[in-house]
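J.: Residue numbers (the working numbering), protein chains in the order written: chain Y, 432 to 722; chain A, 432 to 722; chain E, 432 to 722; chain H, 432 to 722.
These aren't lab readings, by the way, just hints derived from the structure by calculation.
Check before you lean on any hint, since a few could be wrong.
Stated by the list, open to error - Short derived list, chain E residues pointing at chain Y, Cβ under 10 angstroms: (1) Gly474; (2) Arg672; (3) Asp679; (4) Ala681; (5) Pro684; (6) Arg692; (7) Thr701; (8) Arg703.
Think of the CB as a built atom: it goes at the ideal place given N, C-alpha and C, for glycine as much as any other residue.
Protein chains: 4
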Amino acid sequence: MDVGFIGLGQMGKAIAANLVRAGHHVRVWNRSPASAQALVELGAQRVPDPAAALHAEVLLSMLADDAAHREVLLDERLFARANRGLIYVNLATVSVAFTRELAQAARQHGVDYVAAPVFGRPEVAAAAKLNIVAAGDPTTLRRLEPLFAAIAQRVWPVGTEPERANAVKLAGNFMIASALETMGEAAALAQAHGVAAGDFLNILNSTLFASPVYQTYGRLIAEKHYEPAGFTLTLGLKDVRLALEAADAARVPMPFAGVLRDHFLEALATGRPERDWSALAELALRHAGLE
Amino acid sequence: MDVGFIGLGQMGKAIAANLVRAGHHVRVWNRSPASAQALVELGAQRVPDPAAALHAEVLLSMLADDAAHREVLLDERLFARANRGLIYVNLATVSVAFTRELAQAARQHGVDYVAAPVFGRPEVAAAAKLNIVAAGDPTTLRRLEPLFAAIAQRVWPVGTEPERANAVKLAGNFMIASALETMGEAAALAQAHGVAAGDFLNILNSTLFASPVYQTYGRLIAEKHYEPAGFTLTLGLKDVRLALEAADAARVPMPFAGVLRDHFLEALATGRPERDWSALAELALRHAGLE
Amino acid sequence: MDVGFIGLGQMGKAIAANLVRAGHHVRVWNRSPASAQALVELGAQRVPDPAAALHAEVLLSMLADDAAHREVLLDERLFARANRGLIYVNLATVSVAFTRELAQAARQHGVDYVAAPVFGRPEVAAAAKLNIVAAGDPTTLRRLEPLFAAIAQRVWPVGTEPERANAVKLAGNFMIASALETMGEAAALAQAHGVAAGDFLNILNSTLFASPVYQTYGRLIAEKHYEPAGFTLTLGLKDVRLALEAADAARVPMPFAGVLRDHFLEALATGRPERDWSALAELALRHAGLE
Amino acid sequence: MDVGFIGLGQMGKAIAANLVRAGHHVRVWNRSPASAQALVELGAQRVPDPAAALHAEVLLSMLADDAAHREVLLDERLFARANRGLIYVNLATVSVAFTRELAQAARQHGVDYVAAPVFGRPEVAAAAKLNIVAAGDPTTLRRLEPLFAAIAQRVWPVGTEPERANAVKLAGNFMIASALETMGEAAALAQAHGVAAGDFLNILNSTLFASPVYQTYGRLIAEKHYEPAGFTLTLGLKDVRLALEAADAARVPMPFAGVLRDHFLEALATGRPERDWSALAELALRHAGLE
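Chain Y with its partners taken away, still in its complex shape (with noise of 0.2 angstroms):
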């Protein structure tokens, strides 16, 4: 198919080149564009604003936060300029609040709008295993297919409403935090009682736990492997306070959701916020004393 391609952080770079690879024709834009030069190589054409990206079948865009959508989609009113029958498909995790303004600000030009964030590090993106949450019209979906399989192991639909595909990436998110908190405390009291971190959540993750997340993270801890970072203590801060607005929103009370967020806020105070977020679970060692 003919795509284009927004943003091409560590995410980004992976899941266009994964496109590349199967034969699409992707039109690629970065503000800083010496990211562009390895997808060039591998057969993308780069193009010089984002506007050129959106004279394709389908825009793809992988953007920090909310507010690199606005900047770049929103204040250059891109949709405006976009043929009728653009789908737009957001793979970014955004605010819930600001997936209803978007889709919204898409679909008032005519721009077909499927919000689709994935769950998966760089790594998994590079080997085109991400699982994609999408949220939009069923059609839409169906058509969006060979470019989901050429990036993700499968598609999750969630329905139409777009909010519902954030929804359920910002609970997933905060599930994973909440599992790097929680084998921080549990390695904390057997490192207390004598038995190593590594030791402890090597039997757990090895058994009850055995899972990509825990063995993925229970490794990096047990390593204290905290850089480079797959995803930043600043991006895990980030989405526990999305996750904290969106339950805001819909006035649901989540006390370890309000944990994750002092504990984020004191590691980004005190330490290096470009760790990896799994960085997280050094707090219980140090409020313990034994680190």
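Given the structure of chain Y, go ahead and fit chains A, E and H onto it with the hints provided.
T.: Same frame as chain Y, but now just chains A, E and H:
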């Protein structure tokens, strides 16, 4: 081998049955003798008092809590009547502090103490698929291999001091309770934005969190299938309390455990305590007015 | 002095009345004009639009939240129409971030911005016994003395940057909410052991905690006298949210504030939001099954 | 009256001295006898063992914790040696569960048990300004009036069951600890926005929160004046733990108490435990990177 077995609740019965089936000679005792009936039919020998269960190479027990151990084992001064060289294998989840006391009482009378708490619900015990966390003398642990092989899929040795095994068990049960609360809060957030709790948990637990704990309990939560219980809310509170006591003794702050304690207390104060501990997840819905 | 006054809710009406009584010439405006009637009878002048309230030496306002300020002051570009030298005194509790934006908008048009949030419920405002936390130019603050004297028992200057006054106000409101939760939990503990909540609170609040906040709210809690509200649960959540946002911006973890947020959300999700925020204390009883 | 007094720590000494000064005949005993010296000079009679202190109409004690009471009173079977009709007044903060046990042991030997925990730091005890929460037989309480008058500003009777007084004392100490945490978090928020902690606390504690607890502890926090301690961090943790145990026994969730427990543990695990418990407030600054 020639073994005694004390404590025939749901878990004890399943474990003792597997020992009988594996060809061991098993003397069983339980406070309410009716529980022994099925085992006798299977080939076990019912003995009239706990002391008679000690005429064996190995005594195993699976009693409810610290108080039950104190009453059956310490108040009756059972260890004083044991053959020198008896190995006592404690399969139960007891407190870290009590483990030390019990091990010391055993050793004073030449009884070799092995802490061997198990992970697994009754159906896992029945399938001989438990995970055993074992602390004790390595030579003793090797002698116990035929017994452990009959009841567990794997043994995880964690050193010689018995409290280590208990710390691992308590930290592990904390992790399970923490997963229950996490799923409860996340599902409430998803549901408040239009995605059914079951659909949400299915996505996460089929992918990032695909593990026995999340899948087993995710299903119970999605189906609100809280009775009959595999492990009751009352026992859940007991184990969180033990984790907090062990943490307190070693000065380990555990904010998630504090939230769990409050929620178990609320679940018991306001609902039926005999439900499965996964009913903890209901509170998140209730607090959000979604019940 | 010649003053304008915008925002005639419970608090605004009481404050404006005291200004009139002290002999100042007060131009009043409110979205729903009926609120101005009693003030006009007292001697105030009703003006037809907010802009007319600016024809004065000093403009005071007491509006509900950030959004109301934005709508009435910024969207209408009021400051552009102000006389150079106008002093604008904002008595309301707004966010730290918005205070900066509003102050900058005022100063761009030569308007002198004073942040002057007040502590005190409507009956305190009526008695001219407010405490004002004031941030602004010291010379300006001196000029405002006759106005403040008419409405407050004391002014507490905290420097020139307006966000300082707002941070103090938000931190102070957090302290009140925290006292509500504290009384709720403590009274539930006492009541569960046979001491009535009112008797318990009377002992503590007559002695160690004898202060306006504990005595006023302790009585409301003891008598379950939550209506009519002096300050609603909805406003309580708003202010805790603002405190958490200000804390987030400065990376200050606030675990008590996190608990408060969850409990306000639960109180709103499960009960009538128009009750006084001291109804927060009811949750402790409900969670303990004591209601 | 003819009284015995056991336990001459900071509090016990100050109270016993006031009894002597009021003209009562006081037999004093303390484990380390040196503590009795100043009292002997004041007119007290030092006795060689706890039993000798029971040759009196009334025995008062101020011992450190449950364990000290058990050792001095129960293990020595003191009550068995008491005159029938002895009144035993326990001034200390003990657990709700232990109070029941101790009262029962006393009553078995005809000793009249009065639970009379006190509110007040050592300087308040010295000034005879304590508040006593008393539970016991009303006739007995009347007989004790001359003693109480010599040491307290007021007695608050809460019924006959002794655990009621202890529940009030524990709930009250929880309220103080909660105020410490509240001031810590609020001051950190203010300080992060440019208002010094001392200035902030002065505003709030001079107005809305003007009470002994906020003013005394607010000053200690503002001046970081944590040594010498009036009440140590270690004792603070002990009392929060007792509050949580009493809450657990009655199924009362107390989320603020859970936060306090974690923070006391962290303060002890990472700093000097002999500081005043108001040092709890330092953690809020440290977590925000403001220390």
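J.: Evaluate each hint against the coordinates.
T.: Hints, one by one, checked against the model:
1. Taken as an interface hint, Gly474(E) does not check out: its beta carbon lies about 43 angstroms from the nearest beta carbon of chain Y, beyond 10 angstroms.
2. Below 10 angstroms, beta-carbon pairs count as interface contacts, and Arg672(E) has one with chain Y at about 7 angstroms; its hint therefore holds.
3. At a threshold of 10 angstroms, the smallest CB-CB gap from Asp679(E) to chain Y is about 7 angstroms, leaving the interface hint in force.
4. With a least beta-carbon distance of about 9 angstroms to chain Y, the hint placing Ala681(E) at the interface is held under the 10 angstroms criterion.
5. Taking 10 angstroms as the C-beta cut-off, the interface hint given for Pro684(E) holds, the closest approach to chain Y being about 4 angstroms.
6. Proximity of Arg692(E) to chain Y holds as hinted, the smallest CB-CB distance being about 7 angstroms (cut-off 10 angstroms).
7. Hint status for Thr701(E): holds, given a least beta-carbon distance of 9 angstroms to chain Y, under 10 angstroms.
8. A distance limit of 10 angstroms between C-beta atoms decides the matter here; for Arg703(E) the minimum to chain Y is near 13 angstroms, and the interface restraint is violated.
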